[in-house]
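**Q** Going down the list, the protein sequences come from chains A and B. Note that my numbering has the first sequence beginning at 240, numbered continuously upward. Note that my numbering has the second sequence beginning at 17, numbered continuously upward.
If you're looking for bench data, these hints aren't it; they were derived computationally from the structure. Just so it is clear, the structure is predicted and the values come from calculations on it, not from any experiment. It is possible that part of the hints are untrue.
To be verified - To spell it out: a stretch of chain A is covered by chain B in this simulated footprint if at least three of its residues, at any positions, have a beta carbon under 8 Å from a beta carbon of chain B; those stretches are:
id, region
1, 317-325
2, 355-363
Said to hold, decoys possible - To give an idea of the chain B side of the interface with chain A (calculated C-beta under 7 Å), a few residues:
id, residue
3, T31
4, A234
5, L237
Idealized CB from N, CA, C, for every residue including glycine.
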Amino acid sequence: MSHSMSNLLSVKGLGLSFSEKGPDFLRDVNFDLNKGETLCIVGESGCGKSLTALSLMGLLAPSLSRRVKGELSFEGQSLRFQDQKKLQQMRGGRLSMIFQEPMTSLNPSFRIGDQISEAWQCHHGAGGRERALEMLERVGIPDAKSRMNDYPHQLSGGMRQRVMIAMALVNNPSLVIADEPTTALDVTVQSQILKLMNDMQKTLNMGIILITHDLGVVAQVATRVAVMYAGEVVEHASAEAIFNDPQHPYTIGLIASVPPISGPRERLTVIPGRVPLPGSLGKGCRFAGRCPFATEICQTDPPVQLMEGSHFVRCHHAPIENMKESAA
Amino acid sequence: MLRFFLRRLLVAIPTIILISIFVFMLQKLLPGDPVLAMAGEDRDPETLARLRAKYRLNDPLFVQYWTWITGVLQGDFGNSIRTGEPIAKLIGQKLPVTLQLAAMSMFFATLIGIPMGIISAVKKGTKTDFAANVVALSGLSIPNFWLGIMMILLVSVHWQLLPASGYVPPTEDLGQSLRTMLMPAFVLGTGLAAALMRHTRSAMLEVLRQDYVRTARAKGLIERRVVLKHAFRNALTPIVTLLALLFGELVAGAVLTEQIFTIPGFGKLIVDAVFNRDYAVVQGVVLVTAFGFILMNLLADMAYMLLNPRLRKN
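Using the sequences and the hints given, assemble the complete structure.
**A** Dropping the structure here:
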């Protein structure tokens, strides 16, 4: 399935350690994305979501980027993650990124029109200003022509994120990575931004990787979901399968911990324990310490098992029926 | 911008008045009688009394101050007690010399200090960074007078490339003027370059970890443009502050260097005035220096406004 006609991106065996013998902060991360689809990467803080995004963009610090392992194929072109040069050429063009903090992600010293047109010009040369104006209008900045000359501090958070989106999309990328793009914004502005991204996705037929910890957002926009835990993708499936038929104990716990909107109010479900510190990562399943279904076998590295309909689960006990039996 | 400048200048007036009072009082509190110095061997009480009366040293202090300050405001700093020359003329002669020295030193300091600071910030933790820091530390630790003497020995005496001392006004012979000023400016500049390098390095390190630098990289810009445009532009504020302060210091503090290279500048004027207990000259020089400092600070503030759009008003 990873080489179907509409395949846009496939990541294979992405790994990253901070030092030669240090633990793996990312281990064997795999996922796929088709054109025009949205992949949500979900997980708690520190599970490696942002590291995955930065590895893809080639934006890690040089000391780290040397340690990235794995391969990716993007628009039919395959390359290794270590090939920083190639990633550098692609980024901002076919592959671009929207960041979490619109307040600090724009350069305070330059006019927003210039910042957007610079993104166009470094890939296409002349014509940046017209293009920047066009993009500002498309992302819904009112009175875009005069706003071109504004500095970032003259805009609200939501407006700044629109500018960031305009900048990221100015070169018609086929893939946009959005790292928690709405986390820093008001709830009402959040939904506007999500809607804007959705509209732009339809017009440009681009793939989106949305990094978030908000399952509500995931339910709204995701085509596929990759659930990450402690640097690994523990479950990767269609959004439907993740919500209706979760197979990994961590995914089940994550969905259970979202309070229901209707029905009787109960105590919130929590996953006991906490994310293991990178230093304490050893062999075996990384979730075993918090898993209600853990057994002896979980001390060994779990295999990635393929369920029905390209649904991958990194667990010894998958599918779920087995776990319930073993727990009983 | 002009209104801002004028308003700030108005705010600076009390400061200048305070400084002028302080300068005036300081001279009165210092030991040493200028009249005795002037009279020389002849200590005839009548002569002393006559001199005191002539320079109005018997007036009450505030009258003396008032006489002095009203003169200053009209451009009359009084006359040198020693030579009788008008102080305004002395300052007018010496100040351009020191300004030329200061400007050329700043040129060297900027040319060496800022690129070194940027490179060592970008290459933080590498051998290049280490080497740059060692050079900067040496620049800070080597005293100017030692470096000056060593350079005279090597460049003037041994190689006979540049004149060891003296001064030629640029209006007279520009080439020769630059040549005589080259060594002293370099000596002064290296010390400043070190300070400037350290400041540039820390400002750049601070800016390079900002989110907008990552955004600039994410756009696909080449690293040089990310560093020189997006990062450096935002690191400029502390650098400009330092430049302004350094320039102010240079005008006042080139004393040692001017002595070593026998440059007839402001530093030499003040040293000679102090040795001769020429109160009036010292007062004038200190007042002009203080005013220069305030002016440089004002210019730095204006530079902030130009650099930082958040401070600009519509």
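**Q** At a Cβ distance under 8 Å, does chain B reach at least three residues of the region 355-363 of chain A?
**A** Holds, because 4 residues of the region 355-363 of chain A bring their Cβ atoms closer than 8 Å to Cβ atoms of chain B.
**Q** Let's test the interface hint: is any C-beta of chain A closer than 7 Å to that of L237 (chain B)?
**A** holds, 5 Å
**Q** Are 3 or more residues of the region 317-325 of chain A near chain B, judged by a Cβ distance of less than 8 Å?
**A** Since 0 is below three, the answer is violated.
**Q** Is the interface hint satisfied for T31 (chain B)? The criterion is a beta-carbon contact with chain A at less than 7 Å.
**A** With Cβ-Cβ at 31 Å, over 7 Å, it is violated.
**Q** Should the interface hint for A234 (chain B) be scored as holding, given a Cβ-Cβ cut-off of 7 Å against chain A?
**A** holds, 5 Å
Hints 1, 3 from the earlier list are contradicted by this structure; the remaining hints agree with it.
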